[in-house]
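Residue-level listing of the chains:
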Amino acid sequence: MNNPILPTIAGFDGADAPLGDCVLSSRVRLARNLVGFNFVSRASPEQLADVVHRVQSARLGGPFESAVRWVNVQSTTSLDRLLLFERNLISRPFVESTHPRCVAISADESTSVMVNEEDHLRLQMLAPGMQLRQLSERMFVFDGAIERSLEYAFHPRFGYLTACTTNVGTGIRVSAMLHLPGLALVQELEKVQRSARELHLAIRGFHGEGTDALGDFYQVSNQTTLGRSEQAIVEQFAGEIVPQFVAYELAARRTLLERDPAALDDRVQRALGILRSCRLLSFEESIKFLARVRLGVSLGRISGVPRHLIDQLLLAVQPAHLSRATGCALGNGRDDRGPRADFIRSSLR
Amino acid sequence: MQPTCDCCSNLAVVHETIVVEGRRSEVHLCAEHAAERGYLLQGDGDSLLPAGLPLSKLLKKSAADPAAPAVSSTSARTPKACSSCGMTMASLRETQLVGCAECYRALEEELAILIGRTQEGATTHAGRHPMHAAKLIDRAAVRNRLTRDLREAVSREEFERAARIRDEMLALSDPSEAQ
Ligand SMILES: [Zn+2]
Ligand SMILES: [Zn+2]
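These protein sequences, in sequence, are chains A and B.
For any residue, its number in the working numbering is found by taking its place in the first sequence, counting from 1, and adding 146.
For any residue, its number in the working numbering is found by taking its place in the second sequence, counting from 1, and adding 5.
For reference, chain A alone in the conformation it holds in the complex:
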């Protein structure tokens, strides 16, 4: 690939993102497979290259009508692979596998199509704040457009067929990245997590499966995909689950303000002070302090720092983004703490 992935943060400039104080981003994903090919885990490299070719020559339409960027993930640099991953456009397994695969990305980076992830197609749409209803409507239009040039594997009883039975049926996964620092501080997070599990939701950390709750960011998503319509699944999330989480979080923030405003101010201002003056910052530390500043900004205790700047920094301080922006070396054992501290300091000046 000649031109590198741009270091702009499209799709994350949502200054007025709905419920943005508590919801960092929304995502809708559909899993689809093509008829006439084995699923990815059982297909030969030749078949997988064929699938790539078939999808690339199809008319994808929708957000790809005007411009689409195809990235050959098999042959691109490891820095670009990590950039795409940090930007949530491709998954961790997609970074690490070695078979023929590629990703299509829309001009505004809100839409991506992974070809040959666990399924032949993984369609994904991403937006800042709480926008699950809008995203899913756009997604169904997009899915319908693709279906006009590619035939999907479908079964009258099981619905859209997927490699893993946890995705079969609608193939839909809706998720919201929540910021819940208030619940963490009043120590009610565990209670909320428990009730989420009772509702059969998956809760994960900052970067999907297996990451812990860095900066009190939690991604909630549906775990079942069969037996209910897409609309019912989306509605449960957009109409009940996310608003409920947000209501709990806002109540916790009010409690904190009433109980000990000085302690809260100290916590968020101290974090801002560190980010504005320290000289070495690890990735984990930077997320932790940025998240605290984010809480202060949302509650009006910090002025002069817009929330969307913090949200951009949450993305930009990740290793590959930092490497692209500052030219610092990337890789195991490389110390990027100095460049990260410099980058954040100059952004928050």
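Hints in this document: simulated from the structure, not taken from any laboratory.
Any given hint might turn out to be false.
Simulated DEER-style distance windows between Cβ atoms [to be verified]:
id	chain 1	residue 1	chain 2	residue 2	range
1	A	Q377	B	V147	19 to 25 Å
2	B	S88	A	P164	46 to 52 Å
3	B	S160	A	R215	53 to 59 Å
4	B	C13	A	R238	24 to 30 Å
The C-beta atom is built at its ideal place from N, Cα and C for all residues, glycine as well.
Keeping the supplied structure of chain A fixed, place chain B with the ligands upon it in accordance with the hints.
Then chain B with the ligands, alone, in the frame of chain A:
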């Protein structure tokens, strides 16, 4: 060699052939999963009888294959495999991934059990569908409704109603689909 359970890797102790609309499928379950699915283990476990009146028994009476055994405690067989990609339930248990779209047809009943476990009991799609599948869908939706009604009738022991629903299901099945 005895086949393993459809739901786990333990040896199956319950073996049942279910005939629905002239189509046969086999169910193999270990003691634990058999109990979970309503089979009653009697005595020291060598005599197994389904609890109550199983749906399969009722279906079998008027079904096309009266020779199918309801319960047999010994049956040596080669494992069922997908004719397109070769996947068996044993290999699925290992990889957790289905091999191809045809697997869902070849191993429909076995997969339905697995799917029910991962999808909170749901085994039937209720959402959007591709345009090319519209015709299939309608018949499937009717069939699903009938299956539900049938189960309800059986559980209430309304056997005349069950027989009527059963006839409706037979009339619905497309002869070109029968194997
Ligand atoms: Zn078992
Ligand atoms: Zn197969």
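Checklist entry - Do the Cβ positions of S88(B) and P164(A) conform to the proposed distance bound of 46 to 52 Å? => result holds (50 Å)
Checklist entry - Is 53 to 59 Å a correct range for the gap between the Cβ atoms of S160(B) and R215(A)? => result holds (56 Å)
Checklist entry - Does the Cβ distance between C13(B) and R238(A) fall inside 24 to 30 Å? => result holds (28 Å)
Next on the checklist: Is 19 to 25 Å respected by the C-beta to C-beta distance linking Q377(A) and V147(B)?
Outcome noted: Holds, since Q377(A) and V147(B) (Cβ atoms, about 22 Å apart) stay within the stated range.
Violation of the numbered hints given earlier is absent; every hint is satisfied by the structure.
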